[in-house]
Every structure is written in structure tokens, then in C-alpha cells.
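2 protein chains.
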Amino acid sequence: MEMATADLEQLGQQAQQASYALGLLTTTQKNDVLLAMAAALTAQQATILAANAQDLENPQVPEKFVDRLTLTADRIADMATGLKQVAALPDPIGNVDHAWKNTAGLMIAKQRVPLGVIGMIFEARPNVTVDASALCFKTGNAVILRGGKEALHSNQALVNVLRGALQAAGVDENAIQLIQDTSHATAEKFMQLTDYVDVLIPRGSARLIQTVLAKATVPVIETGAGNCHVYVDQAAQLKMATDIVVNGKVQRPSVCNATEKLLIHAAVAADYLPTIVQALRDQGVEVRGDARTRAIVPDVIPATDADWGTEYNDLIIAVKVVDSEAEAIQHINRYNTQHSEAIVTDNYQAGKVFQQRVNAACVYINASTRFTDGFEFGFGAEIGISTQKLHARGPMGLVELTSYKYVIDGNGQVRQ
Amino acid sequence: MEMATADLEQLGQQAQQASYALGLLTTTQKNDVLLAMAAALTAQQATILAANAQDLENPQVPEKFVDRLTLTADRIADMATGLKQVAALPDPIGNVDHAWKNTAGLMIAKQRVPLGVIGMIFEARPNVTVDASALCFKTGNAVILRGGKEALHSNQALVNVLRGALQAAGVDENAIQLIQDTSHATAEKFMQLTDYVDVLIPRGSARLIQTVLAKATVPVIETGAGNCHVYVDQAAQLKMATDIVVNGKVQRPSVCNATEKLLIHAAVAADYLPTIVQALRDQGVEVRGDARTRAIVPDVIPATDADWGTEYNDLIIAVKVVDSEAEAIQHINRYNTQHSEAIVTDNYQAGKVFQQRVNAACVYINASTRFTDGFEFGFGAEIGISTQKLHARGPMGLVELTSYKYVIDGNGQVRQ
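If you read the sequences in order, they're chains A and B. Counting in my numbering, the first sequence runs from 20 upward without gaps. Counting in my numbering, the second sequence runs from 20 upward without gaps.
Please note that a few of the clues may not be correct.
Which copy? The list can't say, so a pair holds if one copy fits it or any two copies do.
As the list claims (entries may be wrong) - With a Cα cut of at most 30 angstroms, we get these calculated DSBU-like pairs of lysine-lysine: (1) Lys120 with Lys103; (2) Lys234 with Lys83; (3) Lys120 with Lys258; (4) Lys208 with Lys234.
Honestly, the hints are just simulated from the structure, not real lab data.
Chain A on its own, in the form it takes in the complex:
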């Protein structure tokens, strides 16, 4: 049943109220709570697993959701480890980015503060409940979680454990709240709770993210979709190119930083195409290609126009032969999702031009697109990968969950 607007507003008010207190906690206080949450997850494992079993019993859960929805003792232990890792990370809150004296003699300091209240909208992965709560809490943000209906019992159990740890520590438990009603109507109201929610972060399928972008009036950080390209330049080391393309495509094909498209310079296409097609097929990849590709390797499946804009998230790749780096860049800027793009080349100039002109969060020379990841980047955490240009771009760690304020000390200055 749809949640009443007033009830949702109350959730928002509670989150906002909690956020004021959260912003004042010391780093030690926050870390202690995170460690207590980790211990509580382990201690209350049986309750969590029982709730998860309830979710899994639901015959309406699509088969493809079962794996990501399933919790085990190991997966709960992983969540607890994750909480401990977040506790060990440096706390950005209170840091001064820079400080200066203006001409009137005011001391101005730009200081990191929490965003306030973060709304997370996600699908059937209960681990997001714990991850997102930990990262928001560490950065002094209250979080309102709206997970998928398939995981409702699991999410309720997990949030109960986390809130219990907050309460035991004397912290307002409304720092972490779960929307118990998973209807679309309630989700839409949530996306418009501008008085209380400072930012929405959707995590999940392209469809989920598009829905949030279309319906939300709260500012959104767009995450996720990745139609990532590798361009093999005429000056590429071809063995390296194969390693990079195969790794990008097959190492974990379902994720957003997987390679989806291969562009090959015409000067090396005749030599290279048979090799790379074979290497991909050896790993079970379906290869599609444009006419020039098929002129060289005839049994490649024809690629249609729709292929160029599609994120397969699967063992499929589409290949196109281009006459120049400029054509490769133009193709990428037309079809990409501004996520991750790579060039393989030993020509320094070609590499730097590619990095400068390709419009994407992460642009690689001679490396796999799979590195676009908060952990690989050394952030120690990741709340998602932003594909927009506002606020945060690419992997988002703790500092991307903060804002800033100017704190200004005067001694009676007035404006002339």
C-alpha cells in the first residue's frame, strides 16, 4: 500500500533532525559505532539469515535475482569486514580545503561538511543496505534507504541491526531509515522530498536510473551505465591490446566498467582482427561487427545501429573499424555513457589527444576499463560511479559524499 505523504515527510524530518547531530560526532565516535555495527551483524546473523530465507521463499523473485539476493554466513562476514574497513578510512568531515584572508580582513575557510540527508534507491542487493549506511554514517550523513521489494525482509533485518547499534551508542537511530513500503508511488514521492533530502543516489539498472532522473526533483547523482570502448590505435602493441580487450570484456561482464565496444584502426585491422576475434571467442564472447570487420572476418555477426549505444552487461562485444583516431573519438563521444574509455597505443601524442578529447569520467592509455572502481583507485570505498559532470565524476568515495561551507571570522567588518 502506498505510504501517506505525511508519513514520508515525517521520515524526512526525522532524517534531517538526525543529520544535525551526526555532523557533530567526532571521528572516534563514528568509528566506534561502525565497529559495533560490524559486531552486531555477526551476533545477529541467525535473524538476518531467517529474514533472507523469507525473501527467497517468495515465488515471484525472478531467477536472475536469486544470487544477488541470497545471504550466507560468509556474505554477512563480508559486510562486517566492510564496516571495519570504512571505520579505518580517514574522515573527510571538518577538513579545510583552503583558507585565506580577504581584502576586508575576513578569515575565510572552506570546510568539509556532510551533504545532510542522502536518499539511496537500489534493487535486490541487500549488501547495498550495509555499504551505503556505513559510507553515509562515516561522512555524517543521515540516509534513507529504499531497496527493492524482493529484499524487503532482508533489508528490514539489516537495518534493525544497524539501528540497534546506533541506539546502543546513544546516537539518533533515525540516522539510518528504511522505507518499508516498496510501491512505485511511494518511491516517486520520495524522489520529490526536496525539503528534507539533499541528494538521491540511485544504484542499479539503467532503467532504475532513468526513472529516478525523470521523476526526481531532489538533486540526483547519476550512476552506473557504462558503454565502455577500447580503441586499438595503429601504434598499439597488439598483444597488449588483446590482454586489455579480453580482460575488459570477460573478467566480469555484468558490471558497468566492462568493455562493450572495440574500435580498431584500419591500418592494423586486417592483421589484428582474426587474432582478437579468436581470443574473444575462446572466452565464450559473441562478436558482432560492422561491414568492414565482416569483410575481414566474415563469420562475425552483423552489428546493427542499435548495438553502438547498447550496454550488453554480457559476453557480447561489437567491433568497428575506423580510419583514424579522430573517427574513433567522434564515435565514442556520440555513443558512450561518459563512463570509461581506453586507447591502446605506443604513440604518446595519440594517447594524450585521446585523453583530452574523449568525454568520459575515466580515460585510459594502455589499461583495462575495469580499473574504474573506488577500491582500485585507492579510495578505500565506493558508493557508486558517477556518469554525470556535476558534483562528482567517476568512482565516488567518502569525500564525494560531502559538501562544504565557508566559515568566516571577522571583527566587525561591514561592506562598503
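Once you have looked at the hints, place chain B on chain A.
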């Protein structure tokens, strides 16, 4: 007449196309164009003034718009000076915020890039056309301008001059485009041009900004509304408090960083209220107050609940007596627009608590709220004052018109 969607999309495509080239211009190239624009404004002053006269002849222009709409030789000279000042500012594009080597040996650099295409929506001030164009151009962004209908001829003339300077320099003139149709229907379509516009910045009345927030699907940077408070603490120097309150209220009452509300600690209210009320009235300010204020100064006009949330932009102030700093902070966080807030106190602890707990872009100790301004902050420019927490908060200068990308150099790394 409403503009066809296809025509608006073409405008967007042209802007996006221009933005790719803009991102590649050197700082010297950009500065030369800005100086050429300044010269062209002066050279073509007669044409601009004639177009402005056409706007001013329109009998439907509201009286209150006439001053801001009127151009003179002096005002055109000011615009030219503004362009030269922007040329003299440092260029953030290409700067590396930081760079590091990850555990796989990848060299990762976080580098400043343009946002891409910026949409500016504003009212009857033709100077915004030139200011915004200069700041967007300096930061390598294409801009699409949608000004108020009252200023259409002036804006057309100004944009023609700026585009002429672009063309003469061999730069794609679609770096600066004006939406010629000022209907609301076209404005709404513009706000939803997500494929081509990276960010919308509305500048003007609270109503304009609320409309953009409600209708836009393009990310918006919310600017402007300022319901700014001064809290006079029990440990305030009262003479200093008077200077700060009077300056904040009367120096330029129509702007967003003007002081709108005065909170006074009960311990000093009986002593201080008669003085400050008199000082404000001496400057023509209408003083409204809560019951406790009126118990001390009986002829103060009663403030209603609506007053606390209202930005007057006029010579009006509302006064409230509070029992503690905590009550002052709670009141501010309930009613403010997160713009600028000040405490007057000689108690260091009280000042720092206020700065930490008040939720606003700029929080002052012992200074006027009027200092919230890109020029006063030393940014050398200002595109607006953000009252949101995402991306930019407070005065926005050049760097706030940029995004970043990660450029990553490898030598064959693949993900394990």
C-alpha cells in the same frame, strides 16, 4: 510562438559540438577572444543602445524593470571592463587537482575540464548576457542563454556582438547562443534538454528558480534566495552588532545577501532593542517583531508566522528574542535558505558552535552577511550564489563552472 523541439535540439547539438572545440583552446586564445569581445562591445555601442531603446519602448515593461533593463554608454563600458577582468583571471581548465599511482602501477590524474554546455535562465538584466558568456567561455563551456522577454532586443544585439568576435577569431560561434523565443513552453523544453545541456543555472527571482527546479530534468544549480539572519549573542559588542545589522539590512536591501532577520539573546534584549530599532528606523527600515520584542518596544509592527520564512528584498526586518544560542540556531535552521548567517559575539565558543551547527553556505562571526559575493571572496568573478549543497555552495567563481576527469596512464595493466 513556441519553438519546435527539433529546433531546440539543434541548438543543443550545436552547443555540444562547439563545446568540444572550446575545451581544446589554450588560455591565451580564450583571453584574446575575451579582449576582442570587449573591444567589439565598445565599437558597436550605437547598435546595442538602439536595440535597448526598442526594448524600453515596449509599454508592457513593468516600471520596476526599467532601471535594470536600461543600457547606457557607461553600462556598456562596465560590461567591457568585466570582459577584460575575466580575461585577466587564472584559467582553471587543465589544472591537476591531484595525481597518484595506484597499486597496479597506473598513474591517475584528476584534471579540471569544462562542464560542457551550460544553460543560463535569467530575467531582464542584459548585463547577465555578457557576464555569463564571459565566464562560460573562459572555462571552455558553451552557453545557451534564455533571457527575459523584456530584454530580447538588447540580448540579441549583445549576443550578435559576442558571436561576431568569436567568428572573427575562428572560434565556433555556437559557443554562445541565445534562445530567440521567450515563451514559457520553449523554456520548459529547454530545461529538459538532457542530451545536450549539462547544467542549468537560473538567476533571478525566487519564483523563477522554483519554476526551474520544478520543471527541469537537466541538473540545476540552485542560486539566489537569501533569508539571512544576524544573531546578536549575549556576549556581543552591541555597537558592532548595530553596524553589522544596519549594514546587512540597508546597504543594498534588494540583493540575496542582505540581512532579513534579527535574533537577539534575551539577556541583552531590554538594553539593546530600543537602540537597534531606532538605528534601523533612522535608515527608513520597517521593523516587525515577535511578542517579546514588542513587550520592550511596543510600537514595533507584529510579525506573523509568515515573516520568518520571507525574503523581503526590501527595507523591512523582523526581530525575535531568543533565550539561548541553541534556540537561535534551531530557528535559523528551520527558516533559512542556507545562504548566509551571522553571529555577533565576543565568546569564541559561541561563535564556533554557531559556525558548526548553522546549516548555510556562509556562516559569519562578527561580520555583515553582505560579504557573500564572489568578488568580496576574491574569486574575481561570480556566476551566482549557490544555495544547494551539491557541486557548489556559496559564491560561484570560475572553478565552480568546471568538472573533472580522471586521465590514467598505464603500460598494459589488466584487472586481476
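Structure-based check of all given hints:
no. : hint               : result
1   : Lys120 with Lys103 : between (40 angstroms within a copy, 25 angstroms between copies)
2   : Lys234 with Lys83  : within (27 angstroms within a copy, 36 angstroms between copies)
3   : Lys120 with Lys258 : between (56 angstroms within a copy, 24 angstroms between copies)
4   : Lys208 with Lys234 : both (9 angstroms within a copy, 16 angstroms between copies)
In terms of the numbered hints stated before, the structure departs from none.
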